[in-house]
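**Student:** Residues per chain, in single letters:
Number of protein chains: 2
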Amino acid sequence: MRIEIICTGDEVLTGKIVNTNFSYMSQKLEDVGLAVQWETTVGDNRDELLRAFQLAGQRADAVIVNGGLGPTVDDLSQEVAARAAGVELALHEGWLARMEEMFRRRSRLMPLNNHKQAMLPASAEMIDNPIGTACGFALDIGKARFFFTPGVPRELHRMLEEQILPRLLARSGQQTAIYLKRFHSYGLGESHVDALLKGVEDIVPDGSVKLGFRAHYPQLETKLTVRGADMNDIQTKLAPVVEEVRKRVGNFIFAEDEKTLEGVVLSELTAQPASLAVVETFTGGQIAARLAPLPGAETIFRRGTVARSVGEICAAVGLADSVPSGEITPEMAEAVATAARQQTGATHALAVLVAVDDGADRIDFGGTICLGIATGREVVSRRSRIVGGREWVRLGAVEMGLDCLRRYLQGLPLHERIDFEKTDDKA
Amino acid sequence: MRIEIICTGDEVLTGKIVNTNFSYMSQKLEDVGLAVQWETTVGDNRDELLRAFQLAGQRADAVIVNGGLGPTVDDLSQEVAARAAGVELALHEGWLARMEEMFRRRSRLMPLNNHKQAMLPASAEMIDNPIGTACGFALDIGKARFFFTPGVPRELHRMLEEQILPRLLARSGQQTAIYLKRFHSYGLGESHVDALLKGVEDIVPDGSVKLGFRAHYPQLETKLTVRGADMNDIQTKLAPVVEEVRKRVGNFIFAEDEKTLEGVVLSELTAQPASLAVVETFTGGQIAARLAPLPGAETIFRRGTVARSVGEICAAVGLADSVPSGEITPEMAEAVATAARQQTGATHALAVLVAVDDGADRIDFGGTICLGIATGREVVSRRSRIVGGREWVRLGAVEMGLDCLRRYLQGLPLHERIDFEKTDDKA
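So the sequence lines, in the order shown, correspond to chains F and D.
Start counting the first sequence at 33; every next residue gets the next number (the working numbering).
Start counting the second sequence at 33; every next residue gets the next number (the working numbering).
Accuracy of the hints is not assured; some may be wrong.
Identical chains share a label here; the pair holds if one copy fits it or two copies do between them.
What the hints assert, rightly or not - Subject to a maximum C-alpha distance of 30 Å in a straight line, what follows is the list of computed DSBU-like cross-link-like pairs (lysine-lysine):
(1) Lys-48 - Lys-213
(2) Lys-230 - Lys-279
(3) Lys-175 - Lys-454
(4) Lys-279 - Lys-48
(5) Lys-454 - Lys-48
Think of the hints as simulated: they come from the structure by calculation, not from any bench.
All values derive from a computational prediction rather than experimental measurement.
Here chain F stands alone, though its shape is the one from the complex (with noise of 0.2 Å):
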């Protein structure tokens, strides 16, 4: 089955907005198996999406259109559709009342303007916004069948998993169930983590598990889709796959699904019950950032402390005469995280500091990263060297600390050689 994807409307068109709405659909397509192959963007102009709606349907057996669906004279999409159909535009009753019950339930009166949002293509198929005025609706273009979905990304976002991918599936010929397993990991890079699942997709020996991958750095994404009869039969061939993927990347995956590492790192600590405090330098207050604002870390993420130079680390934390000259150590590290979990009382604290490269920002700009650990029990450090520019450095760094942190509390090894680190520094 051909896919195509129209996206419409000025401001993707002239990049005054990044298109986030189509890498969005089209990976949500290829999690179920379904590929897109042409995109096309238009602007709010009456015959350059005319123009795409024939050629699409000239090419396409299955279309979808975002955008144009609003209540304003740029809003063209209903129009449009119904010219390239040949059919005229005609007021769906049962959307007009659906709008005029979500403005009383706001206590407004819908403005004259939004009627436009309830004249669709005579030929189509109404389908449903549950959260805003701008309904979908899908009608046949030449050889294609069209769907016609809202810009705004919520409500895109709930159409297409709703009430459009089912329907391509269906078109698909497909009567398959798919399920989408996905593993999140620091530290290995896309080409390593492929190389170490070699082989996993053909545990099931019908090809109905496909692994992919989605990198950016500094972490990584592993996916498998998996297709079968019914939720139960995917279930048996996935458990043996899940096992091996896990069993192969091992300490490095920090995550599944829908959980994050920040996420990860807060249930730990909310499990012990513990508390934390945060020193940090290069990185700026940026694993602070990770951390404090979640919902629940109220009464876990006890205090963040950010620096640039160790002498002002160490004075914060109380340890104003033994401010180091020289570069960092682990010891260092050490000693800042001891300092910092006595002064705030916190039951663990994290030190991550950083001395990056002298002169200006270039592709082998590098720094040294020493972190420790410190609880009531022990403490313990780990050192580091990451090359790749400024804002790379920094980025490792974040991760890395909230990485080790993870670690520690899952009682997992802090030193497992990552990509990311120079090979030639003492480790």
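Fit chain D to the supplied structure of chain F, relying on the hints for placement.
**Tutor:** Chain D only, in chain F's frame:
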């Protein structure tokens, strides 16, 4: 002149990476007064690429193609361009020599597959890439001039700005120079600033000044695109418009052109010279994270303190005995800022306290912000309430903290009503 853009590559088509190259190119063209009419994305597929090139060649006068110039087998742009233009591929000796020289300078032997990057369509004009192995090229397909560019963003940026834009402007028949002037503001929405600036374009009666906006909450960018015979002509036209924009938007403009809010704050502190301590709650380290990592902040950014509870904040700055109960107040923010300054010895301290609403995140989720700024001379404060969801409140509080500090350092009033504030609250 009709311009189209074709983006290529499976990673973009499948949504694995968000297509920021397209929004970058389209904005850059807008900035020099050119407009993109149509965008197409296709994968690494010979048939689809050929079809995309042929269709665009029928419709457009100029086409920019992005990606597919790499050394691997799925980089197909040269091959398909040659086929679409009806010519052979031929070795470009000059580019081959350049690549070999690049590898020699890094003391590496050029891998054999890089040879492919010097194979250009016989009719193509080579376009230099001073920072990578993928040269660009231009040739005619159908009635359009095609410009092929590399997918690596920094290589694309440089080639577009230095090589493609001048060629496009020459083809468009615009014998004029063009200049983009930018103002960055915080606190006023796009429609508000649009209303404030009504008529400024008409200060230059020949229509050579165009006003535009780019909103990315909580900041707004106001853009003036100016055409002229040369840069002298542009500066003459621009001067009275710039003066008028500065007058009308006034204190809300925190920076112009390449400057940033955090950069301006750092410059003001450096000029005094001064040093800074920051205390924050719900913003969780994000205020510190904007300032602390900047080059030059090593000696200026003295210390950042983060905690979720006001009691812990008070303890951290040495106000342990006066831990308050109940809601936060401007007086409390003043006391915290004063204590932080004394504790750290910094010349200035900024305290941003935020009390967020209870319950789940929703569109009317709000937060009360009390911020204080202390120096050796005085202490000032501001209270505000922002509504619009957890993340909206957090982003707004970060920006308000930095902007009030900027206002204070520049001797401007802290209290100017902003559009993001809720009115039914004491301010």
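**Student:** Look at each hint and say if it fits the structure.
**Tutor:** Status of each hint after checking the structure:
no.: 1; hint: Lys-48 - Lys-213; verdict: between (34 Å within a copy, 16 Å between copies)
no.: 2; hint: Lys-230 - Lys-279; verdict: within (13 Å within a copy, 64 Å between copies)
no.: 3; hint: Lys-175 - Lys-454; verdict: neither (55 Å within a copy, 51 Å between copies)
no.: 4; hint: Lys-279 - Lys-48; verdict: between (45 Å within a copy, 26 Å between copies)
no.: 5; hint: Lys-454 - Lys-48; verdict: between (39 Å within a copy, 27 Å between copies)
Hint 3 from the earlier list is the only one contradicted by this structure; the remaining hints agree with it.
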